[in-house]
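If you read the sequences in order, they're chains X and C. The number in my numbering is simply the position in the first sequence, starting from 1, with 8 added. The number in my numbering is simply the position in the second sequence, starting from 1, with 218 added.
To be clear, the hints were calculated from the coordinates, so they are not data collected in a lab. Honestly, I wouldn't trust all of these hints.
Here are the in silico distance ranges between beta carbons for each label pair [to be verified]:
(1) C:255 with X:31: 45 to 53 angstroms
(2) C:276 with X:49: 36 to 44 angstroms
(3) X:50 with C:318: 17 to 25 angstroms
(4) X:49 with C:358: 48 to 56 angstroms
(5) X:49 with C:336: 42 to 50 angstroms
(6) C:255 with X:15: 21 to 29 angstroms
(7) C:297 with X:36: 29 to 37 angstroms
(8) X:67 with C:258: 19 to 27 angstroms
(9) C:309 with X:71: 26 to 34 angstroms
(10) X:31 with C:301: 16 to 24 angstroms
(11) X:24 with C:309: 25 to 33 angstroms
(12) X:49 with C:325: 40 to 48 angstroms
(13) X:76 with C:326: 30 to 38 angstroms
(14) X:60 with C:349: 54 to 62 angstroms
The C-beta atom is built at its ideal place from N, Cα and C for all residues, glycine as well.
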Amino acid sequence: MANRELSNNIRRLRFENGEMTQQQLADKVGVTRQTIIAIEAGKYAPSLPLAFRIARVFNVTVEQVFQYSSIGLQGT
Amino acid sequence: MIYLTFSKVYNTFIGLNSVNKENFMNRAQKMSLTLVITISLGLFLGIVLVVMRFFNVGIPKTVFLFPIFFAGSGGIISLIFFRKDKSAITSDERDKLIEKNANLAGFGAVYLFVILASFLPIGIMGQKGSIPVTWCPVLLVGAAFCQAYAQSLAILIQYGWGGGHGKS
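Pulled out of the complex, with its shape left as it was, chain C reads as follows (with noise of 0.2 angstroms):
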């Protein structure tokens, strides 16, 4: 029941006929874009605080792990809500070709990410500088929504931000 009516809400939200099943989004469409606009708002919300506490607002350090739950709900979302259908063909070459290029993306945005990380440390800090060591791990999660927003930035262009639009 839930399942449904949250289906015919984001059906609805993301401009699509709910009449006709067939303009819906495939199944990786619906899973990027709720991966783009969940990890978008966590960034969002990340800079806010990361802002907040440039300017002295009392936050505890413990409210910057709020953004991250918040950008990696898109993943849980997905994995509830966008259930494979296997009564129907819903993948085949052109979806192959388009993850592929989509996983190359990914792949690229976390190369960039890694040369950005290495680098402006060094940039910002000066040689002698240094940082904690619990960057480590933030640097790995940030690694990680980094291709995750680069994939389903990738799959949303090149399915064309859209459904099925077309005449039968």
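Same shape as in the complex, but just chain X (with noise of 0.2 angstroms):
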């Protein structure tokens, strides 16, 4: 379930929107503390629906939480 190409500014956008708590995030998008806990910490690659979510609670696009790095995927 790992995920290295995928990145995100969850942390940061949280902090940014009235230090939200992963509880409150979770609880905004429906799903548990632990799914965003794993999320944030890029153990996780969630699915586009929750993405979206994630998203739309921040008020931003989808590419402004996430980033997709094709470095990754040469391994280097």
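Using the hints, put the two chains back together into the complex; each one sits in its own frame.
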């Protein structure tokens, strides 16, 4: 489930949005806090609908939350 | 009262902060850990009894049911003490994915168990050998424990052997 190619700014966005806690974000997007922790740590790549729900909470686009790096695919 | 005391003791035992409830393992992890512990102890006890019987220590056959009851107690403990919390979100897409992978691991373990159970007797006793028919239900119980053990281990490994660690 680990995804090294996918990075995210969830932690930064949470603090920029009134220091939102992981639990508050989890409740807003309808997942458990453990899942938010796993996504933030890059241990779990969320589904597309969940990625959109997270982006909507912060009023930004999915690309502003998640970044895909093609470097990881080349194994360098 | 007993339930609350058990939960507190158990959460302390598994090394989680009893003050911060958010760091607790989720229900699937607690159930899996309980099953891994009880099945491991049951397996150990079974091996000890087999070794004792091998060295002709006087043990009645009914004692061999004890490790099975011991191993199976994990399921009963899980059902009684780890109830679903209906007031909160307890599972999501990640939990479902973990459960799916764990089911696959359990199926794979049973498959391997059946292969071993089919060929080991031939290897040990030869083509002309015979085994008692009472081995059939024993193999069924063995396959069930094998599945539960592999599934529980897969759940614990995928969650990372811990609770919801991390900073808010």
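Hints the structure fails to honour: 1, 2, 4, 6, 8, 12
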